[in-house]
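Undergrad: Protein sequences appear in the order of chains A and B.
Each residue of the first sequence is one higher than the one before, counting from 840 in our numbering.
Each residue of the second sequence is one higher than the one before, counting from 28 in our numbering.
What the hints contain is simulated information worked out from the structure, not anything from laboratory work.
There's no promise every hint is true.
[Claimed, not checked] Derived lysine-lysine pairs resembling DSBU-like cross-links, with alpha carbons at most 35 Å apart:
1. B:Lys-84 - A:Lys-922
2. B:Lys-98 - B:Lys-49
3. B:Lys-85 - B:Lys-49
4. B:Lys-49 - A:Lys-881
5. B:Lys-85 - B:Lys-98
6. A:Lys-917 - B:Lys-84
7. A:Lys-917 - B:Lys-85
8. B:Lys-84 - B:Lys-98
9. B:Lys-85 - A:Lys-922
10. A:Lys-896 - A:Lys-917
11. B:Lys-98 - A:Lys-896
12. B:Lys-98 - A:Lys-881
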Amino acid sequence: EPEVTQTPSHQVTQMGQEVILRCVPISNHLYFYWYRQILGQKVEFLVSFYNNEISEKSEIFDDQFSVERPDGSNFTLKIRSTKLEDSAMYFCASSVRGANYGYTFGSGTRLTVV
Amino acid sequence: GENVEQHPSTLSVQEGDSAVIKCTYSDSASNYFPWYKQELGKRPQLIIDIRSNVGEKKDQRIAVTLNKTAKHFSLHITETQPEDSAVYFCAAVPNFGNEKLTFGTGTRLTIIP
Numbered sequence: 840e841p842e843v844t845q846t847p848s849h850q851v852t853q854m855g856q857e858v859i860l861r862c863v864p865i866s867n868h869l870y871f872y873w874y875r876q877i878l879g880q881k882v883e884f885l886v887s888f889y890n891n892e893i894s895e896k897s898e899i900f901d902d903q904f905s906v907e908r909p910d911g912s913n914f915t916l917k918i919r920s921t922k923l924e925d926s927a928m929y930f931c932a933s934s935v936r937g938a939n940y941g942y943t944f945g946s947g948t949r950l951t952v953v
Numbered sequence: 028g029e030n031v032e033q034h035p036s037t038l039s040v041q042e043g044d045s046a047v048i049k050c051t052y053s054d055s056a057s058n059y060f061p062w063y064k065q066e067l068g069k070r071p072q073l074i075i076d077i078r079s080n081v082g083e084k085k086d087q088r089i090a091v092t093l094n095k096t097a098k099h100f101s102l103h104i105t106e107t108q109p110e111d112s113a114v115y116f117c118a119a120v121p122n123f124g125n126e127k128l129t130f131g132t133g134t135r136l137t138i139i140p
């Protein structure tokens, strides 16, 4: 079964540092997403990406966040200057036809900001 | 925006019994309602979904019902097994073309052997 792959699985970073979280969506999927989940809480939407541009973003996705699809396979989330409250599990997801047809989530990157 | 409420937050049932998890949503334009199962430290996995033109859907021991008028949808697991123990999240997509899944707060289901 095709999978969404995320790297690294765990990243520890100093507050104020930049981090890049990487994702390889399923190859024939056209819609890409980032979500985060603070420990013990629900999954929260960050951003959706289609046709090489952001289609929707949440209030959480402020100027410190950016996404990029640098080539035909990778989809990245960059946090420019990490804060303690950015510590969470970050999930990438992809969908072949959009949110109404279901997502496949990656295994997540646990980001710890110290 | 869409708001999804989920109850209960925790649920313990004896193995073999049924479990029911309920969600309500606020946006009457929502038209797609998936359910995800998340085991500890793992990714959410889609287990069943329902669209607004359908009232009920079943897949083996799992069923989902939707009441559009009341804006309720529920997950039913019958003949529960220990491997059903996990956190379950309901979600809603506010309207076609909106790419955001709004998740409920989750239900921790524990199956007691």
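Undergrad: Quickly compare the C-alpha distance for Lys-917 (chain A) and Lys-84 (chain B) to 35 Å and report which way the hint goes.
TA: violated, 39 Å
Undergrad: Checking one constraint from the list: CA of Lys-98 (chain B) to CA of Lys-881 (chain A), max 35 Å. Satisfied?
TA: holds, 20 Å
Undergrad: For the pair supplied as a hint, Lys-896 (chain A) and Lys-917 (chain A), confirm whether the alpha-carbon distance does not exceed 35 Å.
TA: Holds: Lys-896 (chain A) and Lys-917 (chain A) sit about 14 Å apart, inside 35 Å.
Undergrad: Does Lys-98 (chain B) sit within 35 Å of Lys-84 (chain B), going by the straight-line distance between their CA atoms?
TA: Given pair Lys-84 (chain B), Lys-98 (chain B) holds - Cα atoms ~16 Å apart, limit 35 Å.
Undergrad: Has the given pair, Lys-98 (chain B) with Lys-896 (chain A), been kept, meaning a C-alpha gap of at most 35 Å?
TA: Judged against 35 Å, a Cα distance of about 25 Å means the pair holds.
Undergrad: Are the Cα atoms of Lys-84 (chain B) and Lys-922 (chain A) separated by 35 Å or less?
TA: Measuring from Cα to Cα gives roughly 43 Å; hence the hint is violated.
Undergrad: What's the verdict on Lys-85 (chain B) and Lys-922 (chain A), does the C-alpha distance respect the 35 Å limit or exceed it?
TA: violated, 44 Å
Undergrad: Given the proposed pairing of Lys-85 (chain B) with Lys-98 (chain B), does the C-alpha separation stay at or below 35 Å?
TA: Within the cut-off at roughly 19 Å; holds.
Undergrad: Quick one, are Lys-98 (chain B) and Lys-49 (chain B) close enough, alpha carbons at most 35 Å?
TA: holds, 11 Å
Undergrad: Mind checking the alpha carbons of Lys-49 (chain B) and Lys-881 (chain A) for me, to see if they're no more than 35 Å apart?
TA: Roughly 16 Å between the alpha carbons, so the hint for Lys-49 (chain B) and Lys-881 (chain A) holds.
Undergrad: Do the alpha carbons of Lys-85 (chain B) and Lys-49 (chain B) lie within 35 Å of each other, as the hint requires?
TA: holds, 16 Å
Undergrad: Given the hint that Lys-917 (chain A) pairs with Lys-85 (chain B), does the C-alpha gap stay at or below 35 Å?
TA: Cα-Cα ~40 Å, so violated.
Checked against the numbered hints above, the structure breaks hints 1, 6, 7 and 9 and satisfies the rest.
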